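Student: Chain by chain, the residues:
There are 2 protein chains.
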Amino acid sequence: MATLTTRTGQTMDRQGMESMLRRRMFYTPAFEIYGGVAGLYDYGPPGCALQANLIETWRKHFVLEEDMLEVDCSVVTPHDVFKTSGHVDKFADWMCKDPKNGENLRADHLVEAVLEARLEGDKKARGEEVQDKEVDPKKKKKKVSAEVKKLDDALVKEYEEVLAQIDNYDGDALGGLIKKYDIRNPATGAEPSPPRPFNLMFQTTIGPSGKDHGYLRPETAQGQFLNFAKLLEFNMQNMPFASASIGKSYRNEISPRAGLLRVREFLMAEIEHFVDPEGGKKHPRFPEVENLELTLLDKHTQLSGQTTTRKITIGQAVKDKVVDNETLGYFMARIHLYLERVGADMSKVRFRQHMANEMAHYACDCWDAEMQTSYGWIECVGCADRSAYDLTVHQKKTGAPLIVRQVLTTPIVEQLWVVDIDRKKFGPHFKKDGKLVAEAIEALDEPQLAKFAKDLEDQGSFTIDVPGIAAGNATVGKDLVKIEYKSITKHSREYTPNVIEPSFGIGRILYSLIEHSFWTRGTEGGDEARGVLSFPPAMAPTKVLIVPLSKNEEFSPIARKMGHKLRQMGISSRVDDSGASIGKRYSRNDELGTAFGITIDFQTVKDGSVTLRERDSTRQVRADESRILEAVQSMVNGSKSWKDVEGELPKFETQELEIREA
Amino acid sequence: MATLTTRTGQTMDRQGMESMLRRRMFYTPAFEIYGGVAGLYDYGPPGCALQANLIETWRKHFVLEEDMLEVDCSVVTPHDVFKTSGHVDKFADWMCKDPKNGENLRADHLVEAVLEARLEGDKKARGEEVQDKEVDPKKKKKKVSAEVKKLDDALVKEYEEVLAQIDNYDGDALGGLIKKYDIRNPATGAEPSPPRPFNLMFQTTIGPSGKDHGYLRPETAQGQFLNFAKLLEFNMQNMPFASASIGKSYRNEISPRAGLLRVREFLMAEIEHFVDPEGGKKHPRFPEVENLELTLLDKHTQLSGQTTTRKITIGQAVKDKVVDNETLGYFMARIHLYLERVGADMSKVRFRQHMANEMAHYACDCWDAEMQTSYGWIECVGCADRSAYDLTVHQKKTGAPLIVRQVLTTPIVEQLWVVDIDRKKFGPHFKKDGKLVAEAIEALDEPQLAKFAKDLEDQGSFTIDVPGIAAGNATVGKDLVKIEYKSITKHSREYTPNVIEPSFGIGRILYSLIEHSFWTRGTEGGDEARGVLSFPPAMAPTKVLIVPLSKNEEFSPIARKMGHKLRQMGISSRVDDSGASIGKRYSRNDELGTAFGITIDFQTVKDGSVTLRERDSTRQVRADESRILEAVQSMVNGSKSWKDVEGELPKFETQELEIREA
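The listed protein sequences correspond, in order, to chains A and B. Residue 119 in full-length UniProt numbering is what sits at position 119 of the first sequence, and the numbering runs on without skipping anything. Residue 388 in full-length UniProt numbering is what sits at position 388 of the second sequence, and the numbering runs on without skipping anything.
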């Protein structure tokens, strides 16, 4: 695997970056003064602002742009809902217990870690070079130190085959592997217990009885499905439409690692787009995106053991059936545009198709938008076709009609076998069995009706099984029943919509975005490298740093007024009137990703001019305050670039000297 | 109690309003197709948009305006945190069980309901008029039907006294009342079990061991306190400062009622303002608000059994010590301004001071902003001085320094007794006891030091108890120790900040705001009254309804482009191109609180002019699309009123006819 580089071509220094993120309080382990809890994090002010900007942009890009129906549903959810959805039975990982120290181990991670270590030991014994594997952070495991020991060639092959399909084993199979290869907990040498399923939902009880079990939702989707009938009504029966929801979800991971990428509490933004399954799932706005080029890694490529991506327009991909349908393709394109808009490095974004064996229990096709980071390729957005699975199971369980009744502008004429029971004669003939016999006849399907129609014609009667009556069957004569092949005109049809679900892990996007934005500025004096986070202005946690040259008291009211003006324009700013040098103050804000700096100096007091500094280039322009604020506004709302502004306003160089000296 | 009226002076029809809110999907019981769960609600599109507007305005009004440090902390919280904060032991209600049907009853609600019913029965027996009591929704109980039966005068007085202080009884006292007055569950006639505490936090376990107990937070505050040291560091050690957090909190109510006002899952927005306890808790921006008049109901008035409010400037209230300090007063004023900004009817807002017995275990002074609704006066914002309680207990438990080290510009000189131990002689003299004796000396407080200094002077030695050594005490001579009264200069001081906490229940504000905004428009034809929600434009879930006059296909691209332009301006709109009459379409949107309607008709196709309708007055103006959109923008951002716009643009009357006819 090639070494990952920053946007400026530097080798990615994750440790340095993470230390900077902690120092600047982007995020911090939750409850740290109590020793912390794995997989729970708090966002500090810059992380929280970045998250709010991601959400605000998401709302504009998806909800407002497409008139989606945003809802905010309950996180605490009663047992029955997740029993029906399948989560109670299937949303689990396999777990072994170490009988010696009581440690809980994820079975697949254990097998993977031990076999990989053995293969590494084998390579070392053979004198081969050991390369760092591309690590999947979703299952990042403790590094097991490898014992240098050569293995049989056949065993090496077996191990490799096991590792290639590690996601496909169930608990029994994992237990079998553990026994077969004598896999033990590396920490203790103990043989682990057989794997048992551990459900990943946090459990709780609702109300005081202690009997009403509930869960914290692991996704926001179910709340949207349960409200489908009301949402359709709200949308005045118009199809297709989408609902959307932004909120926290929870997964009680067995042993979370990899920082913000695998956590127990996380913010999601999910869209459920409801579409008629007939007619090829077309999307009216598909033409707007069909020429957009996406980077795809399809399932066939992966099945052949490759990870080669290709660039292809989404129009072509749908045409070639690489992507199943227009609606799925439309949302993939919209996801691409969103990631671009929030500042992802698009050379580090790809769409990977799920292989059949890795799809969730409800999905019928799925593409993940993955972002490349130092942890490998990270699934940040799932885009799944959940088919009619959820609406169907909830309707079946509750009887609520989670369907669409479509009035047909052109009525459909169908040829059907139709039964006509002569009720007057039927009752007296069958007496107390009458009801059950009639029900059995009405439950017949088309082929059965066709057969009995022939029986009536040929023999004047047919014999039908009726389990509930004494005789077990009944013979029905043509005096009692007619079965005819008729034209039936339908003026409406009923269907259960299919669901296309783009599902965004906001925390994963946030972390990946930080990696995509991070680089360091070497200092000429050979000082330590200084971090920079090159967020687009609209994403920057703070847009403007207001920097009075010194603590001179003439500067303070100017700074305060400028902050007020910027707030009126909807632009966040902070004043740094600390005694630190201007260079130090800018450095700190480069690490915070603050997009611009405005310096107030003695010239400002005289003529109202200020200096505007751009974070990435550190170049500066100088003009009247009003022109500078206007320039900032146009760069924040995206109507101008820094290059445009540099072209329009006079360059300023004096202070840069001071910054270098800092 | 006077009948509550709408903003237009109509009698408040809650049932009618709530039916409208459900029909328009402002909110809906969560999991309704599964039978629902008490106290859990979902917000539909208009409720969700209203909530988002309340939050966005909150962020601008508080976080941005005051440079607060917003954080987003974990909801799932380990046991130890809430053990320390006092919630595990004290955050409970008293509950009885009915042994017959297993029903759980809130003990105070049970006593209250039964005694009130008996008093009502007594009144009826005496032939007195029975008035509906002002109901506190926080403890809204099942109505118990009254048996008509005269009581002894003395008993009536006893009951009344019990009811007046129902909030003050603990479990034992409530159990005593239940026994004494033979209070039974009205539903079954059974004698309930003695009250036991039921903790209101939802419990869960974190991770797979089953041993790590946790809770869903009942407030966002603790996460902010635990991060205090990091936030102070982020704020570059500057005091005072505030953190803020917006997020869900949870309370596992025993039997939630009263719609959105008492729920188990709710959105909070909380500020923790950290302030030096010395110097009278001044606030630098207090002068900006000191002339603002608030409506106050102080504790003395309440203690005298009155509910008479008075209007007073916050400056005067702080001066008179009605409100304890400037910082508390500053935030009360800011809360007032926020409620005004989001559209509360300020004649239905008051600040009520907590009485000593109703304050939370951590608070030392507290004022609630209450909003009047058909459920009574509702606590919507708490504004408490939590003193140094939380930071102190967490520091004590964890040892983390949750303090401020203030560098003193003017050093403090203190006269102190200072011990000087001559280590060279001390060790050899006391041998193995030396360490413990020295520790005992160093632990002495000022009065003890003064006494021993005198002993040294008078007798040449002092005798000190040292529990850990064989002799139990030690005699220390003046050759070993000097104790002198000296001047000590301190260049810094350490203190634990006090916390002023404005805490907003967003759901309660949302509901109260809906009641304050609701009224009905009588129709001239005697039709059913049509609901209107008069939100300020900035709060309206949708700002603009775009209404093509008919389904004519020339209108559709104009409507689409107009929606696009409005989105670019950051203004939410929806197109209603259904076949319904214009009047019907406007009516529906009056119920949704949509602020404006823009009609596209044949004249639009010809000359680009459109009609703009204002929701509350139903009056219309007509002008070029660009001028109309500009007018809408200025009304949404608050720079112009409808009156201003009416003064500038030509009036339009033709279509109003059609609306009346609808």
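It should be emphasised that the hints constitute simulated quantities derived from the structure, not laboratory data. Be careful, since some hints might not be right.
You can't tell identical chains apart in this list, so a pair holds if it fits in one copy or across any two.
[To be verified] Result set (BS3-like, lysine-lysine): computed pairs, CA atoms no more than 27 Å apart in a straight line:
#	residue 1	residue 2
1	K565	K60
2	K490	K319
3	K561	K97
4	K248	K60
Because the structure is a prediction, the values reported are computed rather than measured.
Student: Under the constraints set out in the numbered hints, which ones does this structure not fulfil?
Tutor: Hints 2, 3 contradicted; others consistent.
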